Amino acid sequence: LRAEQNDYEAEGIKWTPIPYFDNQVVVNLIEAPHKSILAMLDDQCSAPSGSDKVFLQHISEMFAEHSNFETLSDRDRAKAGTSASIFTIKHFAGDVTYDSVGFMDKNKDFVWRDLVQFGEHQAQLGLFRQLYPSGTFDALSRKRPPTAQTIFSSSCRIA
1 LRAEQNDYEA EGIKWTPIPY FDNQVVVNLI EAPHKSILAM LDDQCSAPSG
51 SDKVFLQHIS EMFAEHSNFE TLSDRDRAKA GTSASIFTIK HFAGDVTYDS
101 VGFMDKNKDF VWRDLVQFGE HQAQLGLFRQ LYPSGTFDAL SRKRPPTAQT
151 IFSSSCRIA
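My numbering puts the first residue of the sequence shown at 1, with every later residue one more than the last.
FYI, nobody ran anything at the bench for these hints, they're computed from the structure.
Heads up, some of the hints might be wrong.
What the hints assert, rightly or not - Under the rule of at most 25 Å between Cα atoms (straight-line distance), these lysine-lysine pairs were calculated in the DSS-like manner: (1) 108 x 14; (2) 90 x 53; (3) 53 x 106; (4) 90 x 35; (5) 53 x 14; (6) 106 x 90; (7) 106 x 35; (8) 14 x 35.
Said to hold, decoys possible - If you anchor each label on the Cβ, the simulated ranges turn out as follows: (9) 70 x 106: 19 to 27 Å; (10) 96 x 19: 40 to 48 Å; (11) 83 x 32: 39 to 47 Å.
Being a predicted model, the structure only gives us computed values, none of them experimental.
Cβ coordinates follow ideal geometry from the N, Cα and C atoms, glycine included.
Can you make the complete structure from the sequences, with help from the hints?
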């Protein structure tokens, strides 16, 4: 909508401006490289001591002053009777509350880990030695797989 309104202005076309919420600030909050909720989730997934609780603490500190991000204080949570693991993102369509419990497990790729373990076991068999000669499988298995968030974000990006 913004691009079309800019085109109208540039071409001198008379039109009635339509107010709208520019959601880019929320998109950046969620998925900007290196400093976003999803970047922090990936960081926590790669940290040996990462946890849902630490993830929530980090994003709460990082976005404490962000107008589209909100967590409740411990006192307010107790008063409202809500979980200590929730946070809210103020989207264009309204407030959406998320529970951070399970974020880490959902973002990690356990299937890859299981396949690597299976492959390492099967590498002892002759068939896999033929398929992956001279340690090819070992070289592939050492690379850290992308998280679910990374795969999803990549699939959504327009080139």
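These are the hints, each one checked on the structure:
Distance check on the hinted pair: residue 108 and residue 14 sit about 52 Å apart at the alpha-carbon level, beyond 25 Å; violated. At most 25 Å may separate the alpha-carbon atoms for a hinted pair to count; residue 90 and residue 53 meet this at roughly 21 Å. This hinted pair checks out: residue 53 and residue 106 have alpha carbons roughly 14 Å apart, not beyond 25 Å. Restraint check for residue 90 and residue 35: the C-alpha separation of about 18 Å stays at or below 25 Å, so the hint holds.
Straight-line distance between C-alpha atoms of residue 53 and residue 14 comes to about 53 Å, which puts the hinted pair past the 25 Å bound. Restraint check for residue 106 and residue 90: the C-alpha separation of about 23 Å stays at or below 25 Å, so the hint holds. As the CA atoms of residue 106 and residue 35 are separated by approximately 20 Å, the hinted pair is consistent with the 25 Å bound. The straight-line distance between the Cα atoms of residue 14 and residue 35 is roughly 40 Å, outside the 25 Å bound, and the hint therefore fails.
The beta-carbon spacing between residue 70 and residue 106, approximately 22 Å, falls within the hinted interval of 19 to 27 Å. Roughly 22 Å separates the CB atoms of residue 96 and residue 19, a value that falls outside the hinted 40 to 48 Å. A beta carbon spacing of about 26 Å between residue 83 and residue 32 contradicts the range 39 to 47 Å that was offered as a hint.
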